[in-house]
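> Sequence:
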Amino acid sequence: MSHRYYENMKVDRIYVKQYLQPPRPVSYYPIEDSDDSDNLRTKRKATSFLNVHNNYEHPGSLLRVDRETRLRHEKENLEAEIEELKMRNQRLVEQLREKSVQFSKLQFHAQKLDEQIDALSQRCALSAALDKLTLDDRLVRGSLAALEKFTNPFYLYPRDVMTNGFEDKKLQIEQRLRQFQNQVQSIKLDAANIQQKTLNGLALERSAHQACLERLENLQKENFALMQSRYLESGCDDAVWQRKIDALPSYEKLYSFTQNAVRKFSDLKWALLDREREAG
Numbered sequence: 014m015s016h017r018y019y020e021n022m023k024v025d026r027i028y029v030k031q032y033l034q035p036p037r038p039v040s041y042y043p044i045e046d047s048d049d050s051d052n053l054r055t056k057r058k059a060t061s062f063l064n065v066h067n068n069y070e071h072p073g074s075l076l077r078v079d080r081e082t083r084l085r086h087e088k089e090n091l092e093a094e095i096e097e098l099k100m101r102n103q104r105l106v107e108q109l110r111e112k113s114v115q116f117s118k119l120q121f122h123a124q125k126l127d128e129q130i131d132a133l134s135q136r137c138a139l140s141a142a143l144d145k146l147t148l149d150d151r152l153v154r155g156s157l158a159a160l161e162k163f164t165n166p167f168y169l170y171p172r173d174v175m176t177n178g179f180e181d182k183k184l185q186i187e188q189r190l191r192q193f194q195n196q197v198q199s200i201k202l203d204a205a206n207i208q209q210k211t212l213n214g215l216a217l218e219r220s221a222h223q224a225c226l227e228r229l230e231n232l233q234k235e236n237f238a239l240m241q242s243r244y245l246e247s248g249c250d251d252a253v254w255q256r257k258i259d260a261l262p263s264y265e266k267l268y269s270f271t272q273n274a275v276r277k278f279s280d281l282k283w284a285l286l287d288r289e290r291e292a293g
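Each number in my numbering corresponds to the 1-based position in the sequence shown with 13 added.
The hints are simulated quantities; they were obtained by calculation from the structure and are not laboratory data.
Please note that a few of the clues may not be correct.
Below are the DSS-like pairs computed for lysine-lysine, each with C-alpha atoms no more than 30 Å apart in a straight line [said to hold, decoys possible]: (1) LYS145 with LYS234; (2) LYS234 with LYS88; (3) LYS112 with LYS210; (4) LYS234 with LYS266; (5) LYS182 with LYS201; (6) LYS99 with LYS210; (7) LYS277 with LYS234; (8) LYS112 with LYS266; (9) LYS234 with LYS282; (10) LYS277 with LYS125; (11) LYS282 with LYS118; (12) LYS125 with LYS201; (13) LYS210 with LYS266; (14) LYS145 with LYS183; (15) LYS266 with LYS88; (16) LYS99 with LYS88; (17) LYS99 with LYS201; (18) LYS145 with LYS182; (19) LYS125 with LYS210; (20) LYS118 with LYS210; (21) LYS282 with LYS112; (22) LYS266 with LYS277; (23) LYS183 with LYS201; (24) LYS99 with LYS266; (25) LYS201 with LYS277; (26) LYS99 with LYS118; (27) LYS277 with LYS112.
Here are the computed distance ranges between Cβ atoms for each label pair [what the hints assert, rightly or not]: (28) GLN135 with SER279: 29 to 39 Å; (29) GLN198 with SER117: 27 to 37 Å; (30) SER134 with ARG189: 18 to 28 Å; (31) ARG256 with SER279: 31 to 41 Å.
Just so you know, these numbers come straight off a predicted model, no measurement behind them.
Cβ atoms here follow ideal geometry from the backbone N, Cα and C, with glycine treated the same way.
Can you make the complete structure from the sequences, with help from the hints?
This is the structure we're talking about:
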């Protein structure tokens with residue numbers, strides 16, 4: 014059995030306890046330049062520092078480092094500007110989407126108002142027909158009554174009572190019809206006022222939407238021109254950025270085509286609304 018400082022050794026079949034020396038500390042051994050040695054890492058660090066210092070002593074190295082730093086800063090600035098422009102374009106697209114939703118709601122409201130106006134027009138036509146019928150009936154009955162009084166001078170009292178009762182009923186009906194006609198006229202005026210306000214709001218919305226589209230198109234063109242000029246001034250040789258810059262004209266054409274399609278769609282909507290208003 015082994016012990017901390019002793020070892021049993023067998024010499025000529027006699028066990029003798031031999032005293033062992035304790036292990037020496039690590040600091041006792043000399044420092045070697047191994048891979049995991051701190052001395053080697055320190056030497057490498059000092060050597061790299063000296064190399065960098067020696068490189069910076071040459072003007073050509075300073076110019077090259079300065080140019081690389083400037084190009085890196087220009088690249089970072091361009092990336093930040095592109096991200097900002099993307100966010101701005103996204104906000105503008107969201108605003109256009111909200112405007113389109115509001116326009117659809119206004120168009121639906123205008124359609125409902127047109128339906129109400131058609132219903133009121135039908136009711137007015139019905140009331141006019143009723144007025145005409147009651148007027149013709151009143152004229153015929155008045156003529157008959159005048160003829161009967163002229164041909165029969167001895168007009169009986171009970172018959173006069175019946176005629177007065179019928180006339181009272183006719184007067185009540187005429188009064189109710191006039192009240193109904195007045196109500197219809199007031200409803201028509203209210204509907205016309207509401208329709209005029211709606212059309213004015215739609216006209217304002219149309220002009221604002223058109224101005225927003227034109228402003229967005231101008232900003233997009235200025236953005237493309239600015240990105241190309243910045244890239245050409247920076248003198249960056251990055252292949253990724255070169256592909257992006259080369260793809261800008263095709264993207265601009267696609268954007269212009271989309272803008273023209275949106276503009277034609279909005280013009281078609283307004284033409285249909287104007288035609289419906291003229292037909293109504």
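> Tell me, which hint numbers fail for this structure?
1, 6, 13, 17, 25
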